[in-house]
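Could you build all of it, start to finish, from the sequences and the hints given here?
There are 2 protein chains.
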Amino acid sequence: MQQSFITSACSPTTPFPLNNLPYGIFSRNSTVDSTPAVCVAIGDHVLDLSSLSSLFPQIFTGPHLPAPTAHSVFSTPSLNAFLALGKPAWLEARAALQDALSISPQRCPDLKNATAEQHAELLPLHQHVTMHLPAEIRDYTDFYSSKQHATNVGTMFRGPENALPPNWLHMPIAYHGRASSVVKSGTAIRRPCGQLRPDPASPPSFGPCRLLDFELEMAALIGGPANQLGDRVRVEHAGDRVFGFTLMNDWSARDIQKWEYVPLGPFGAKNFATTISPWVVTLEALEPFRKPPQEQVPQILDYLKAGPDVRGHCTYDIHLEVLLQTEAKETPSKICTSNFCNLYWTVAQQLAHHSVTGCNMQPGDLVASGTISGTESSSFGSMLELSWKGSKKIELVNSKAAEKRTFLQDGDTVYLRGEAKGDGFVVGFGECSGQILPAFG
Amino acid sequence: MQQSFITSACSPTTPFPLNNLPYGIFSRNSTVDSTPAVCVAIGDHVLDLSSLSSLFPQIFTGPHLPAPTAHSVFSTPSLNAFLALGKPAWLEARAALQDALSISPQRCPDLKNATAEQHAELLPLHQHVTMHLPAEIRDYTDFYSSKQHATNVGTMFRGPENALPPNWLHMPIAYHGRASSVVKSGTAIRRPCGQLRPDPASPPSFGPCRLLDFELEMAALIGGPANQLGDRVRVEHAGDRVFGFTLMNDWSARDIQKWEYVPLGPFGAKNFATTISPWVVTLEALEPFRKPPQEQVPQILDYLKAGPDVRGHCTYDIHLEVLLQTEAKETPSKICTSNFCNLYWTVAQQLAHHSVTGCNMQPGDLVASGTISGTESSSFGSMLELSWKGSKKIELVNSKAAEKRTFLQDGDTVYLRGEAKGDGFVVGFGECSGQILPAFG
Ligand SMILES: [Ca+2]
Ligand SMILES: [Ca+2]
Ligand SMILES: [Mg+2]
Ligand SMILES: [Mg+2]
Ligand code: NI
Chain A
1 MQQSFITSAC SPTTPFPLNN LPYGIFSRNS TVDSTPAVCV AIGDHVLDLS SLSSLFPQIF
61 TGPHLPAPTA HSVFSTPSLN AFLALGKPAW LEARAALQDA LSISPQRCPD LKNATAEQHA
121 ELLPLHQHVT MHLPAEIRDY TDFYSSKQHA TNVGTMFRGP ENALPPNWLH MPIAYHGRAS
181 SVVKSGTAIR RPCGQLRPDP ASPPSFGPCR LLDFELEMAA LIGGPANQLG DRVRVEHAGD
241 RVFGFTLMND WSARDIQKWE YVPLGPFGAK NFATTISPWV VTLEALEPFR KPPQEQVPQI
301 LDYLKAGPDV RGHCTYDIHL EVLLQTEAKE TPSKICTSNF CNLYWTVAQQ LAHHSVTGCN
361 MQPGDLVASG TISGTESSSF GSMLELSWKG SKKIELVNSK AAEKRTFLQD GDTVYLRGEA
421 KGDGFVVGFG ECSGQILPAF G
Chain B
1 MQQSFITSAC SPTTPFPLNN LPYGIFSRNS TVDSTPAVCV AIGDHVLDLS SLSSLFPQIF
61 TGPHLPAPTA HSVFSTPSLN AFLALGKPAW LEARAALQDA LSISPQRCPD LKNATAEQHA
121 ELLPLHQHVT MHLPAEIRDY TDFYSSKQHA TNVGTMFRGP ENALPPNWLH MPIAYHGRAS
181 SVVKSGTAIR RPCGQLRPDP ASPPSFGPCR LLDFELEMAA LIGGPANQLG DRVRVEHAGD
241 RVFGFTLMND WSARDIQKWE YVPLGPFGAK NFATTISPWV VTLEALEPFR KPPQEQVPQI
301 LDYLKAGPDV RGHCTYDIHL EVLLQTEAKE TPSKICTSNF CNLYWTVAQQ LAHHSVTGCN
361 MQPGDLVASG TISGTESSSF GSMLELSWKG SKKIELVNSK AAEKRTFLQD GDTVYLRGEA
421 KGDGFVVGFG ECSGQILPAF G
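From first to last, the protein sequence lines stand for chains A and B.
Position 157 (the first sequence) corresponds to 157 in our numbering; numbering is contiguous.
Position 37 (the second sequence) corresponds to 37 in our numbering; numbering is contiguous.
Do not rely on the hints blindly, as some may be mistaken.
Which stretches of chain B does chain A cover? Using the computed rule of at least three CB atoms under 8 angstroms from a CB of chain A, they are [as the list claims (entries may be wrong)]:
{"#": "1", "segment": "137-145"}
{"#": "2", "segment": "167-180"}
{"#": "3", "segment": "202-215"}
{"#": "4", "segment": "224-234"}
{"#": "5", "segment": "271-280"}
{"#": "6", "segment": "300-310"}
{"#": "7", "segment": "348-360"}
Simulated DEER-style distance windows between Cβ atoms [unchecked claim]:
{"#": "8", "chain 1": "B", "residue 1": "S34", "chain 2": "A", "residue 2": "I103", "range": "50 to 56 angstroms"}
{"#": "9", "chain 1": "B", "residue 1": "W388", "chain 2": "A", "residue 2": "S391", "range": "42 to 48 angstroms"}
{"#": "10", "chain 1": "A", "residue 1": "E161", "chain 2": "B", "residue 2": "L91", "range": "55 to 61 angstroms"}
{"#": "11", "chain 1": "A", "residue 1": "M156", "chain 2": "B", "residue 2": "I300", "range": "27 to 33 angstroms"}
{"#": "12", "chain 1": "A", "residue 1": "S8", "chain 2": "B", "residue 2": "I300", "range": "57 to 63 angstroms"}
Keep in mind that the hints were calculated from the coordinates and are not lab data.
Source: prediction; values computed, not measured.
Think of the CB as a built atom: it goes at the ideal place given N, C-alpha and C, for glycine as much as any other residue.
Laid out in structure tokens, this is it:
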């Protein structure tokens, strides 16, 4: 664990030690009309990078992120301007902040030596700030990169012999999603209404979704200068375009999806809401948790092949959990335990494939993993899989009312949590949650 | 025809009479660093609305678009701010501009009476300006609303008995597309590379698309305040969210599409480029060309039903053409003649369906019609249909070289054109074109 002069950042259980330093957008609860700006999380505090770069410009000395640039990109209500600068600036910012926050700064002790008043101003507590969506999402894409998830869904809908679509092992398949409805953690989710056709022998009807679900995912936030339209991002450079990851819940209306999705893919069943966590954990913070990708058989095409050291061509040992809190319960019940390592395609491969036809990838794009299911039934990342299409009840432990679920009910709150465990420290993602509101009548 | 003091706007053949007044974003070729701003087309000229609202603020007097607001929204490099104001402001702008440009202004003669120098400044010729993308596209959605197109594609790929997907007559089906690759007319289109699997018995290969196609479409540009996430836009109000229409070419890589699209829909086969025309023709300009929607059988669900007077619940008599110019030819050959009336679902129904699950529709969203094919084979809106999957050659008339085509070749330029024919006048859309560049090696 890297030691910080901020005591709470040195706890072995804080999700935000100096090793992490995830980025987010915050505003102060105390100040009327506090303009959102960029911060990093450090222990129990957030560090206000807009004020920091104004008060101590000497912290930002590098060629890619000189102080005026730092102050300009950190004083906006989204990460987009910082994302656009690209990897050299991200690395400089991390080095500068890790030094300034360390217990013995080598380059710039000014933050450590600041007055108590300055500390209070620069380092508000988490409970005194409100977190916002970390970026203005440009385009949002959802991959389908867990082999077990694709196998589960395929088995349920097409039978075990045709479980994986024929293209699945040859390319990371994906669909374009709806960017406008990507919302921050804590946003209440209205149960959608739409067309349902539970009985194919009867005409479709209109009404509230009855099979409302979550999907446990993680999403990469893309940065760096956009590739020109017509050019592609090669797999060996794709990782340079990945700033970091958030948790993501791709809320899904299974009954609406079933009736609408052939032949153009999911649409209204997905576009009503997608929740992401407020903190973007950088690829640098995840590097210690890097693992080799899953073995890919059959042989993949050259444009998807990369060496073992290519940035982002890997998986990460990130523990993931889903908890469900019903209105009758005081504490949430864990209903799924999974891991980012359950993804078959790497983020470098996803970006290489996404752009291979010439699609321009822009700062602020959100590229999601797809539902992350493992092989154990307790690791399935959706209620569709956990309840096996509603055929078995999911037990909610520690529920006084001995409640069970197949799909989500009104009032239920879903929490996604993620953390990577280092030697004596934890790299956490914060929370990704949302409560289901009843459908409009 | 409404008479303007601008002579060229009174020609019976100009696409831009006073009846039209389409909006676009222009910059001056003469001025170094001319900042793009909002204009309308009028005859051979464009009217600079940024300068107009500064020089003659008295033209903009209404409660929804007072002069300072007008100047602010017209001095930005996209229509988004104007779109966000909504229909009351759009109607005021149209009334003010139609008066100011008329041959006998009733409310404000100042533009007509301006000096020659002022006219030259405010009304540059089309050839002295460069047109830009009319809006910063937020989310882009592509519907599939021509019954004949869906039937043609279904017949080719699934046989005549299962031509239309089971959901097709019950809802306007659609997929989310890629917003970042929506480009302005004239942008060269790089032939995409990607995964192909022409022979299902052999493994997929990587290479340039061999079945490159256009799709003749029109796209609605959305405005008005965004509906809250979780709310829907009802069919009777949906038309208030439609600012106007552009022509759109949804470039498509048929071989890439065929291998990738099951089960998540088209992805890389579409996300490399989508071209729209520079001029947005407003719903008001199209009102004289309004026609009742096609009969919809079987009965549709209530949320899609609307009365005959509902804005946007209609079709429009807009003649559409596709022309193909090869490198060997001097003039383009017409290869398709279609009409907007070939759409089965109305734009009001498309928006009602798009938002029915609670999707928030934002100013700057682009909502495309899908390929507009009629019943005649000469009206099919893609080469896939015109060549019937490549099984018959498309003759290029007036070609010295007696050229034929099944799909697009490098160097080919595709032009989409659209016009509505009034009594002694024409409402035109300008051009939507793009030339195919060879794939990168
Ligand atoms: Ca998903
Ligand atoms: Ca299309
Ligand atoms: Mg979603
Ligand atoms: Mg397209
Ligand atoms: Ni503290």
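In ascending order, which of the hints set out earlier in this document are inconsistent with the structure?
-> none
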